[in-house]
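2 protein chains.
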Amino acid sequence: MANKMIYLFDEGKAEWKDILGGKGANLAEMTRIGLPVPPGFTITTDACNEYYMNGEVVSEELKSQIRDALKKLEKKTGKMLGDTQRPLLISVRSGAAYSMPGMMDTILNLGMNDDTLAGLAALTGDERLAYDCYRRFIQMYANVVMGIDWYHFETILEKRMKDQDVKEENQLHTSDWKVIVSQYKELIVKLTKQHFPSNPIEQLEEAIKAVFRSWNNQRAKIYRKIHNIPHDLGTAVNIQMMVFGNRGEDSGTGVAFSRNPSTGEREIFGEFLLDAQGEDVVAGIRTPQSISILGEKMPHAFREFCDMSHLLETHYRDMQDIEFTIERGTLYLLQTRNGKRTAQAAVKIAVDLVQEGIISKEEALLRIQPDQLNKMLHRSIDQNLKKNVIGKGLPASPGAASGKIIFDADRAEQFSSLGEKVLLIRPETTPEDIHGILASQGIITSRGGMTSHAAVVARGLGKACICGCEEMKIDLKKKTMELKGITFNEGDFLSMDGGSGEIMMGEVKLKEPELSQEFLLLLQWADGVRKMGVRANADTPKDAVKARELGAEGIGLCRTEHMFLDAERVPIVREMILADTREDRLVALQRLLPYQEDDFMEIFKAMEGLPVTIRLLDPPLHEFLPDLEDLLVEVTKLQGAPDCDKRERYEKEQLLRKVRRLKEHNPMLGLRGCRLGILYPEIYDMQIEAIMGAVKKLEKMGRAIYPEIMIPLVGHDTELEVIKKRVLHIAAEYEVQIPVGTMIEVPRAALTADQIAKEANFFSFGTNDLTQTTLGFSRDDAETKFMHGYLEQKIIQENPFVTLDVDGVGKLIKMAVALGKSSNPQLKIGICGEHGGDKKSILFCSGAEIDYLSCSPYRIPLARLAAAQAQLEEPK
Amino acid sequence: MANKMIYLFDEGKAEWKDILGGKGANLAEMTRIGLPVPPGFTITTDACNEYYMNGEVVSEELKSQIRDALKKLEKKTGKMLGDTQRPLLISVRSGAAYSMPGMMDTILNLGMNDDTLAGLAALTGDERLAYDCYRRFIQMYANVVMGIDWYHFETILEKRMKDQDVKEENQLHTSDWKVIVSQYKELIVKLTKQHFPSNPIEQLEEAIKAVFRSWNNQRAKIYRKIHNIPHDLGTAVNIQMMVFGNRGEDSGTGVAFSRNPSTGEREIFGEFLLDAQGEDVVAGIRTPQSISILGEKMPHAFREFCDMSHLLETHYRDMQDIEFTIERGTLYLLQTRNGKRTAQAAVKIAVDLVQEGIISKEEALLRIQPDQLNKMLHRSIDQNLKKNVIGKGLPASPGAASGKIIFDADRAEQFSSLGEKVLLIRPETTPEDIHGILASQGIITSRGGMTSHAAVVARGLGKACICGCEEMKIDLKKKTMELKGITFNEGDFLSMDGGSGEIMMGEVKLKEPELSQEFLLLLQWADGVRKMGVRANADTPKDAVKARELGAEGIGLCRTEHMFLDAERVPIVREMILADTREDRLVALQRLLPYQEDDFMEIFKAMEGLPVTIRLLDPPLHEFLPDLEDLLVEVTKLQGAPDCDKRERYEKEQLLRKVRRLKEHNPMLGLRGCRLGILYPEIYDMQIEAIMGAVKKLEKMGRAIYPEIMIPLVGHDTELEVIKKRVLHIAAEYEVQIPVGTMIEVPRAALTADQIAKEANFFSFGTNDLTQTTLGFSRDDAETKFMHGYLEQKIIQENPFVTLDVDGVGKLIKMAVALGKSSNPQLKIGICGEHGGDKKSILFCSGAEIDYLSCSPYRIPLARLAAAQAQLEEPK
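Chains A and B supply the protein sequences, listed in that same order. For what it's worth, the working numbering labels the leading residue of the first sequence as 125, then goes sequentially. For what it's worth, the working numbering labels the leading residue of the second sequence as 125, then goes sequentially.
Don't read these hints as lab results, they were simulated from the structure. Among the clues, some could well be false.
Claimed, not checked - Within a straight-line C-alpha distance of at most 20 Å, the following computed PhoX-like cross-link-like pairs (lysine-lysine) qualify:
no.	chain 1	residue 1	chain 2	residue 2
1	A	Lys882	B	Lys935
2	A	Lys849	B	Lys918
3	B	Lys787	B	Lys882
4	B	Lys918	A	Lys935
5	B	Lys761	A	Lys776
6	A	Lys787	B	Lys283
7	A	Lys918	B	Lys787
8	B	Lys918	A	Lys945
If we strip away everything but chain A, and leave its shape as in the complex, we get (with noise of 0.2 Å):
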């Protein structure tokens, strides 16, 4: 027997959503469940994939099957495709496994031609409505399958009604629309010598292709490139008979979410639309109302609609993205999905479906993606702050921005790439525009409403996002923008808070974010889950501070370099490094040492009661020095000038040779971090001491402090002993007891680990630099060099200094964890680089044993839950 390609909606089920297709698979389990979805039928992802193994051909097979289904739906509604009497309209749309919005085609009223447009008229009474079903159609297929531009259409359309003066499209008369069709009609046969074709079959087939085809259009890709989304699944084909929303003022069309997508408030969240079929709502052609309305001209319907809206929530356990139509007071439900959400929403939904006793704690945990909870600690405007707002649009994804208005989305590419922050101004956006959303800060429309391209995708990507500002008047051409009379040009600074729908004059002071109840309790969950220990990379006392109040179980990477960054201590530093001898460099450490003494104190006191990992001095000391270049400049300058001040010119090029004994060829890899331990004791000495100093006063104070010294780039276990030495020499001096370890952040410690753990206490993978050296990719030059192209050409899957390379660092830690427990079975394992932050490296560490995580504050929220994932993913 040939194999089933197609299921009606009362066959299938939610789970079948591989063949059927997220939109197919609701459908069906929406029908399962009694609920009042018109009939149709689901073609299959797997015919879909038979039609490119074919070559690009429906089977005679497939064929044989959609008659035989179109029999049924015939049938079950008692219409008929094509009948004059009783004709049927279909919408004919994509469906696959994951939700694609808007990246697929989608063809509605099916079936019209010049023979049905009489029948649907006597049936439904209401000519206009059969013309304006038929010119949507004519417009749809031509667009989708024939591929005839949208704008031809919209200026016939735009004539007609500047002919007739009228303003909106329903004042048009049934005469208008006859002219209109006709003139559709003849720009088909102008553009493609062919005539829109009558035959609803032919015209079904051939819509299903186009579907099947749009599977692997331009945007489509891309947007599976970027959802890492496989290519190879396919698409199904939802075949549904019609209902019509634009049967007048007891009919209309809307979408809605079953709670509030950008809060999560429990509370149905949408938009509808009066007398208009679907389209209208989600492609933002008309700005629709709010839900509300509903609830005004149509009780009933929407007291209906909130109940099933409830029953598909508890169904399906989460809250859903329902669409919806009414037809002279008839409520149908033509999809529902799992809502895509806010981050904030997402946690809140979460937490309150826990509360609900609809779903479990660790079910609750798994559907947060920790990146989510990266975005609720955006920043926001700052309430206190006197605002020069300047318009308001709808508040369609939050967090605030500010930046230089761009008005297309490669410019806003190119302006980002230069390091600019650049909010992106569009009448709408569509799915070609998504590189310039990615770019920017934040986006705003002057159409299209909550559900628009542009708010779904601000949304999901954590920007924010204000829509259908209709008083701002765009100017493409001329790149500006007018708002309450003040015109804007290209590069003028704005600001926006995507939470309200603001916009506002000028930069904007950002707030930081304030946690909300659910956010803290999801994050005490999950750590209530976790193995591994989150730790922060903090190197002031501020980011300790903030660092504890996200969560940070300690400090587990204080680079103490940033230290000697400050105003008042780099000149200092400077003649520290300049030192041309011992002597002359000790006395500027004693005179460090007060200041380091201090750093620590207050790092300590924000940690009390939890480790406090600090990293000896890392970067290389020209570093700290003028930029040779400017220097050089300087020395040339003054050395053309005849009458400079011999004096300075004499102290500049004296400085001028030291920057340049200094200066090496790679300094990534040159004379730093342990290295300087080694050559300079006294360096790392003046460290130490000032680290012992600040936890003998604490101590004596009752405070309990657990500081640990790490040494960095250590790649011998020589190296590690050494200055191991030293650091418990000086700390018996104090009669401190003091943790020491070592960052393993070079390839040989890692191969060596065993030898080096007997020296070690702990071990911290510095992911950063061991991702440089193992891949011989240094960060700067390959993120500005060559990464690009080696993402785009898939040499690399991922950039590997945000997702650990596991092939090759994996490798190397696993080896550097097996072989240091091997000879040091109490040796505790961090992980210091910024990897500690990424889900995907997190998972990874959880499987290799690590104990614990460090990363930046903000991201502490993240590696809780990531930490929590990967325990409750784990093979049992």
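For chain A, the structure is supplied; the task is to place chain B on it using the hints.
Just chain B, lined up with the frame of chain A:
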């Protein structure tokens, strides 16, 4: 029973070097086989170690064993220590298991005091002899045991000689010696506030302690460090009856080799001093005469010596270095050991011994230090040049050298570290001068002979050396030297030929070495034994020819970037790099193509019949551009000059901008290697086409060409996959079959070698870069900034760029070999870093299943021999 810590000479044998030291074991062996060795005994190295373990105290047990042994010695000689009638005089000499010539202390004539002085005079009938022994003893004992500087005594002696108006010591009368001895004793009282010890047992115990202590003096420690001798072996002490070479015209002392240590010729070669004690020869205080003088003066003794020399050589199966003394016509042997020799002599002697049936070929192969072969490739003075010879000394160590003359070891080291070639000029050298000798191209001394310190050390290090050039007048204070009436200052250029002893004016052109028959024969034997292949790193046809001449079996690394640096091509290369568009770049590349094709043609021809591995472009492109700093200075100057050429300024500014854009933070880890080939495929395409073009042309000429293409800096299998596809695509167009392989030079390549091997026909370990990335050592920065300190502080034992870091890099190599062969059993594996020419590294490679080595042409003989040794030393 207590440990036996003393062995009489007739109790020991040659094999007991560990406990008796080399000298003690050989004295015992010579005694055992009946040669005329003055009787004595050896205190073991165990006793020395016990001395150190006891906190530098001689145990009662050892003292008691010393007294017992002394009694036996007194019985054997019929003399007694301290006896006024028949006083026994003894020597106390150090002797470790490894020869450390001149590094430790010796005391002669021990047992002298005012009482035995008379006895010795009576016994020998030679009062002058007795005084000579006495003053020598006082001077040596005071120096070694009491720490009084030698020059105090020399001053007294010289003053007396001047007062008495004599030129030679032996012209002084007994009365003079009496005065001198009493002045010596007064000096000691004055300097140490104590009397010179007269009790011979006290003298003996103190002397033994002094020899023990000398194991740890500074120069001995440095010597052990240089020669990798463990520091915990300790020294033995040899106590031996004195015989007197200073008993007049029928007495004397000498040092001779059983073969010529400079050339290897089979002839007695050495020096003899009439009427002298051994120290006079070794210390270079008097310049000795050729051994042939002995034949003239004492033909019987000379014949006897020749016979014994031959006997010893056959017994020890190697060329011997023999110390002897003739007392009143009777020959005594005082020491024998395997003689140090030049590289050339080592090879000739080893090959001759095989041909004389004394040793096997395998033994001969194992006897040559591979490094020595390099020395044989030293340059010489071109014989066709007119030489301006201004002086002549003893030809102490062969090889020619040119350089600036420097009169002090510290300054020699300084000049050398600035990149200057240096000749070290000294009256004589001492162990304190080793760093200066190391830093010099050659050494010239005005005093001392072929066995003086300078000569022995220079031969060991393969440095050119001329000794005893007495006509040279050195003024150390003024830093000048006079020869043939010309005064030379520090920094003047001279040249020297250590093989002829000639010193020449100015810089002289040096000639490449020619290879002896023995050298070639030995390498033939090596080729018969070794399993690892030996190829060359060669970038030019000239290199290729030289490499083949030295035995290369192909080219393992042909670096194409060197071809880009030709003066004619650099402008085109720059054009290519600075091109604004791909089209402009292609134009420049098309102009480079014929050059590259020619290069490859010539190299292929030179290596006809053998494989040639061509590495595609590797270095970062900015290496071909003008220096950024130079440009910056130029531009700054132009900008400051109001009347500058505006066009020139603009062009320079443009160039600066582009050079700056290409600048990288860490070029070693930046856009280079295959990353270039991936981002700019047209560059590699040009190179591949040039290779294919050359191959095709030569194949048409009937030549047998075996090219291979090697991709640099691969870290991901995808990189190799993409570029290999290009290579095979172009190769297919030319109908050429070509293996494609990759360098393994970043850790990730080694870690993922199983993935990479699927795409590779061969691997070649680029151990230079692999060392840089694995250790995180930028070679340029490490060697100038911290390597020295690391070696000094023993953080690392050896420079990892010279000798492979087995624990780190070696571990990676072993992993990569195993992983690579696991997924591709046909994989060929080579090594082409500089380690391919280092003996220890080659031994490692042999154990790591490396198929072939590739090294610079002049290292090929070394590699051939080392590969054979690796094979011979491999555990069966």
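Going through the hints against the structure:
{"no.": "1", "hint": "A:Lys882 to B:Lys935", "in the structure": "holds, 19 Å"}
{"no.": "2", "hint": "A:Lys849 to B:Lys918", "in the structure": "holds, 15 Å"}
{"no.": "3", "hint": "B:Lys787 to B:Lys882", "in the structure": "violated, 35 Å"}
{"no.": "4", "hint": "B:Lys918 to A:Lys935", "in the structure": "violated, 30 Å"}
{"no.": "5", "hint": "B:Lys761 to A:Lys776", "in the structure": "holds, 17 Å"}
{"no.": "6", "hint": "A:Lys787 to B:Lys283", "in the structure": "violated, 57 Å"}
{"no.": "7", "hint": "A:Lys918 to B:Lys787", "in the structure": "violated, 25 Å"}
{"no.": "8", "hint": "B:Lys918 to A:Lys945", "in the structure": "violated, 26 Å"}
In this structure, the hints that do not hold are numbers 3, 4, 6, 7, 8, in rising order.
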